[in-house]
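Heads up: the protein sequence lines correspond to chains A and B, in order.
The working numbering applies: residue 1 is where the first sequence begins, and numbers increase by one.
The working numbering applies: residue 1 is where the second sequence begins, and numbers increase by one.
Keeping only pairs whose Cα atoms sit at most 25 Å apart, straight-line, the calculated PhoX-like set for lysine-lysine is: (1) B:6 with A:82; (2) B:6 with A:12; (3) A:82 with A:3; (4) B:13 with A:82; (5) B:6 with A:77.
One-sided excerpt, in silico: chain B residues whose CB lies under 10 Å from chain A: (6) 1; (7) 2; (8) 8; (9) 12; (10) 19; (11) 38; (12) 65; (13) 84; (14) 85; (15) 291; (16) 292; (17) 295.
Worth flagging that the hints you see were computed from the coordinates, not collected in a lab.
This structure is a prediction, so every number in the text was calculated from the model and none was measured.
Think of the CB as a built atom: it goes at the ideal place given N, C-alpha and C, for glycine as much as any other residue.
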Amino acid sequence: MNKYIKTWKDIKKVFGIKEVLDALFGSLLYALLVLTPSVLIFMQVVSMYYHLLSLWVILLVIVIILISALQLKLWQKALDLKKPDHELPLNRVFNLQIIIHGIIIIIIGLLFLIFFIPMMQI
Amino acid sequence: MNELNKYLWPTVKILIIPYLVLMFLLLYRIEYQITAPGGITEVETLIDVDYEVEDSKGSFSSTYVISFRRPTFFQFIINDFSTYNQVIILPEYYRHYTDSETRQISYLQKMTSVDASIIVAYELASDQNDDIVFDESSTYRVVLVTGKAEDLSQYDAIGLGDEFISMIGENDVVVSDFQNLEDFMIEGETYQFTFENEESSYQVSLSKADIEDDLLILNEYLLVDSSEIYPQYSEKESNIGGPSGGLLQTLSIYNMLVEEDITKGYKIAGTGTIRYDGTVGYVGGIKQKIATAYLNDVDLFFIPDIDERYSSHNYLEALAACEEFGIDPEGWLIPVGTVEQAISYLEGLDPHE
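Input sequences plus hints: build the corresponding full structure.
Here it is as structure tokens:
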């Protein structure tokens, strides 16, 4: 964990906060372009095939994890493109970030499956 | 960001047209209505009667379908992949309603159907259980706005669900019986109507044409005065609207008021509106409701029996749906004309193993 935090501090030092945020906004923009139709598709498929709701929630969790991974990889790529000769272990940090995001998304998905959806069906 | 733009531009260039086409399919809405299977809701989770009786071993569930107006092109296309869904052209009389108005109508139907279920169930149960207090003073009549045509002169002023109080007709006669309104109006004149909602009462001027041409749809309902009944009941907020849960609501409430558990351990679902005299009315979305019940493994399903006043029959539609989905209707699909018939049927069943 300390190594992870230290790498983030190094990223800030090497690229500067402005460049890190610039790369983040770029990755968020492109991820949003993928996320928007994905969410619309899921909303519309769910309304048509509501009896398979649990299946759709599971698939949605997988898709959100993939889009989150895409956003993080684009963020990493944007940083790589800004300074191609840096020697920071970006891959390791962003892979760990993908796992953390994945776990959070899975927990939210499980909360929906176990608590919120049964409550909504009253 | 510029570096990323440059890096991704070749991919964006290729995908931009398909992306715009996809977004068009996902956002452009067309004048159709799609009905799809929904789910079942145990009535006990919605209505609770504060009275101690034997715990129910089975359950009564109302069946709901998902019905949505103006689907997108994308929904219209994927609808073809379902054997359960049904698509129709949006009825003309329904087109002008906004989504919010449709929801209001649906919740109004639900609210009045729960009151009808309470009335029928308490009346029936009071014959079996002397503890129950329910008589003529337990209900009151209201006339509610249940629909508005697009051409109604005061469309925005009158709210769906608002209560009609009175009209000042010709020669300043105050008319509160909504069925006699036309008798006190003359062509070309406007008259002051009084309506009331939860916030206030208000007046609007309507002409004879508004009433004569059914541009304003008023219906009379009986509502329950909960201070005049025993036992008390409570109703939870629900996302599900419409009147089709009436029969199952009535059966479930009745079961909460009598000693014997009429579920006999069965998982019971069904559909059908309930009238104040205990008769069961027709509903829509039969095929999707049968599919919903089938997908939820219910033990038996009540359906409105054939009623010669209608041209197409819920029971026959249900039989056709059972055949299509490979369900044996014998002992599973139970046609009933009244709530008493449903109770008699359940009383004649052996307990579930």
